[in-house]
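Visitor: Next come the chains, spelled out residue by residue.
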Amino acid sequence: MKTKNALTWIALGCLVSTAGWAQKSAVQSIEEYRAMLQDGNPADLFEAKGEGLWKQKRGPKNASLEQCDLGKGPGVFKGVFVELPRYFADTKRVQDLESRLLTCMETLQGLNAAEIAKTPFGKGEQNNMTALATWIAAESKDMKFSLPQAHAQEKVFYEVGKRLFFQRAGAHDFSCASCHGQDNTRIRLQDLPNLTKNPGDGVGFAAWPAYRVSNGQMWGMQQRLNDCYRQQRFPYPGFASDATVALGVYLGVNSKGSASVAPAIKR
Amino acid sequence: MKKQYKITLSVLAAAAVVAGCATAPDSVDLDKLTADIVKASFRDKGIVKASVLDTDETNKACSAADVAGKPLDEKTAKAIEATNLKTVKWPTNGKFLGDWKEGEKLAQSGRGLTWTDKADTPNGGNCYNCHQITKEEISFGTIGPSLYNYGKIRGVADPSSAAAKPVVEYTWGKIWNSKAYNACSNMPRAGHMGILNESQVAHIVALLLDPKSPVNK
Amino acid sequence: MADPMRIRAQAAGDKTTVRVLMAHEMESGQRKDAAGKLVPAWYIQEVTATHNGKPVLTAEWGPAVSKNPFLQFVVKGAKAGDKIAVTWKDSKGETRNDEATVS
Amino acid sequence: MQSRRQALKKTALVAGLLASTGMFPQFAFAFSKEAFEAKNLADVLKALGAGAPTESKDVTITGPDIAENGAVVPLGVSTTLTGVKQLLVLVEKNPAALIALFNVTASVEPAFSIRGKMGQSSDVYAVAVMNDGKVFFAKKEVKVTLGGCGG
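Residue numbers (this note's numbering), protein chains in the order written: chain A, 1 to 267; chain B, 1 to 217; chain C, 1 to 103; chain D, 1 to 151.
No lab work stands behind these hints, which were simulated from the structure alone. Accuracy of the hints is not assured; some may be wrong.
[As the list claims (entries may be wrong)] The calculated DSS-like cross-link candidates involving lysine-lysine, where the alpha carbons are at most 27 Å apart (straight line), are:
1. C/15 with C/76
2. A/256 with A/144
3. D/143 with C/32
4. C/76 with D/57
5. C/76 with A/118
6. A/197 with B/212
7. A/123 with B/39
8. D/93 with C/32
9. B/105 with B/165
10. A/57 with A/144
11. B/118 with A/118
12. C/32 with B/118
13. C/32 with A/118
14. A/123 with A/55
15. B/217 with D/143
16. C/83 with C/15
17. C/37 with D/57
18. A/78 with A/55
19. D/33 with C/37
20. B/101 with D/143
21. B/174 with B/75
22. B/105 with B/39
Okay, chain A solo, but in the shape it has when bound (with noise of 0.2 Å):
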């Protein structure tokens, strides 16, 4: 799937490209390049910490997660991936995968979501929240994206997830749009999946977790969407606030179908 994309890609770079054979074959290097990477996924170690992290006992309360119910039932982790953001009537609220797990690492193991929330990326809980969340995608690889949207609240949730997707501001004008809006298009040598639909397996929304060999990060949606923000010139979303919920519930619904082949290593 991943290279059907790029062939289809490499031949409207033809099309389009005044510069000729030299960037058709940059395109076809990189490609190769990335194919290379493929075996050998540093995430597996992130996955690997993430299922021990979910059998072992710890916080105040000594408890491990297996009694975490994200959305399939407590202590379900095959296949829910998939189905998320989606309502939860304990909380009353729309849930993206690490906010829900916030949830439960409050309510199962005594831990303070609203440090966790608080802490940045790539530091103490935060570390155990992005393994958690790359093992929990995992469990859903080649499954395909079918969130739930029957709930009122869901479906408000994808209409303030569009409104932020078009939102125009900050110094450069830009929206979530400007890039993903269109299809067939790149930014320097990346191509942009056009995110206003389903973009195709393992592309956009289903790429994620993935591991960034650009700097050795392993990063979780939250984290992605959070660099969109921050290149895009807006200011800090909270982790797991509704903004960046709903934002994944439009993201989601929109990739209806497509198969997620998370986690995905990625530039």
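Please build the complex by placing chains B, C and D on the supplied structure of chain A, with the hints as guidance.
Guide: Only chains B, C and D this time, still in chain A's reference frame:
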């Protein structure tokens, strides 16, 4: 954190009541709800203040059009373009063209104005992120049109000539405030929003229009 | 303590391909932190591998091996059910040993 | 000043560590510090006590033509020659050229893949140091691009 959630929750509950369970969510309330969620979710970080989300009428109108999925009506678009055109500051020394070499450096840089940048980080022009410019740089984006041979295609042999004046002025104006010519352009308003200063805009104009620039080779 | 390695060992005929991922910063000693201070080098220096307890490979690495290192090698004569163990030791003297069964 | 008792304790700790992690005494080799600090191929070989290198088609270096990111460049070294003592991976323009050194035994194929960091576009080398002291190499150019918006 806790407090913020509470606020959002009460707003949400209200929206849920209004929206009911069967009817489609009401657009006006969704706009209000989105604004409330934005307020509760974003915070100041580094040099970026949450207040940058209180944007101007141009962005508001274009965002609303994007959400609706249809372009602005012609009258509104023209009015927005006129408003933006008025903000264009023309070169105080009358010199539209600077040094194309400096322009190339600015075009290459995508730095500045994120919350990880410092206040004294020199801002880049971000040009290559979206445009092909010189033939030598193969790492270019395609969100905007190719600018290779920009001056040549437009027949600019001498940028200081009277014949070239309209193109030179348009180029300056477009970089200073892109929305003066296309109300909902994806392009930032480099001069208007203080991303680039007058001499930097002149350098980029030179990159595009100077016959000696690799753009026009 | 360092996080565990991921070792996958797969037999094909009389050869076993071993793929190892190690969790390590591999700090080059060239990088500056946010405050502009040079971050001291910290990297895996020695890697060893055994097949059913018998040493088959030793390697020395410098700080230019990428963060969270990946290593692939092929062990002759290893078959399904055999044990492949890998050990690393870094420039601070910290070490980690993990084992995998050939599949 | 370190007391004798402290020193002893430390030694015991290290020994314990080695034992607990399954490090065998025969693995206790000294790190080739000098080789890993050398600036170029010739100095690396000198530090390892090896002779002058000859280019050979029996040695192979694999890597991408263009690396999208210099932080992670997949590199492979291998040889079809018999009697190989060591296989080395080098990046010519790195601050220190040597990336990794593999001691080849009869129990492994003389073929290894790793990922290295590259500060800039450069030639990369695979070097085979033979039991008889001969040295063969292969090289290839890897271009490192700058990607993304950061600039």
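Visitor: Now look at each hint and say whether the structure bears it out.
Guide: We went through each hint and held it up to the structure:
Annotation: proposed proximity of residue 15 of chain C to residue 76 of chain C holds, straight-line Cα distance about 5 Å (limit 27 Å). A threshold of 27 Å between alpha carbons decides the hint, and for residue 256 of chain A with residue 144 of chain A the separation of about 7 Å falls inside it, so the pair holds. Restraint check for residue 143 of chain D and residue 32 of chain C: the C-alpha separation of about 24 Å stays at or below 27 Å, so the hint holds. The hinted pair formed by residue 76 of chain C and residue 57 of chain D meets the criterion: a straight-line CA distance of about 24 Å does not exceed 27 Å.
Under the criterion of a C-alpha separation no larger than 27 Å, the hint pairing residue 76 of chain C with residue 118 of chain A is inconsistent with the structure, at around 51 Å. A C-alpha spacing of about 44 Å is found between residue 197 of chain A and residue 212 of chain B, which places the hinted pair above 27 Å, so the restraint is violated. Simply put, residue 123 of chain A and residue 39 of chain B have alpha-carbon atoms about 26 Å apart, close enough for the 27 Å limit, and the pair holds. A hinted pair counts as satisfied when its Cα atoms are at most 27 Å apart, and residue 93 of chain D with residue 32 of chain C qualifies at roughly 20 Å.
Annotation: proposed proximity of residue 105 of chain B to residue 165 of chain B holds, straight-line Cα distance about 25 Å (limit 27 Å). Using a Cα cut-off of 27 Å, the hinted pair residue 57 of chain A and residue 144 of chain A is violated, with the two alpha carbons roughly 32 Å apart. The straight-line distance between the Cα atoms of residue 118 of chain B and residue 118 of chain A is roughly 22 Å, inside the 27 Å bound, and the hint therefore holds. A hinted pair counts as satisfied when its Cα atoms are at most 27 Å apart, and residue 32 of chain C with residue 118 of chain B qualifies at roughly 16 Å.
The suggested pairing of residue 32 of chain C with residue 118 of chain A holds, with an alpha-carbon distance near 25 Å, which does not exceed 27 Å. Proximity of residue 123 of chain A to residue 55 of chain A is assessed by CA-CA distance (about 21 Å); at most 27 Å being required, the pair is judged to hold. For the given pair, residue 217 of chain B sits about 26 Å from residue 143 of chain D by alpha-carbon distance, which is consistent with the 27 Å threshold. As the CA atoms of residue 83 of chain C and residue 15 of chain C are separated by approximately 13 Å, the hinted pair is consistent with the 27 Å bound.
For the proposed pair residue 37 of chain C and residue 57 of chain D, the alpha carbon gap of about 44 Å is over 27 Å, so the pair is violated. Under the criterion of a C-alpha separation no larger than 27 Å, the hint pairing residue 78 of chain A with residue 55 of chain A is consistent with the structure, at around 15 Å. Pair hint residue 33 of chain D plus residue 37 of chain C holds up; C-alpha atoms about 24 Å apart against a cutoff of 27 Å. Straight-line distance between C-alpha atoms of residue 101 of chain B and residue 143 of chain D comes to about 24 Å, which keeps the hinted pair within the 27 Å bound.
Using a Cα cut-off of 27 Å, the hinted pair residue 174 of chain B and residue 75 of chain B holds, with the two alpha carbons roughly 20 Å apart. A C-alpha spacing of about 37 Å is found between residue 105 of chain B and residue 39 of chain B, which places the hinted pair above 27 Å, so the restraint is violated.
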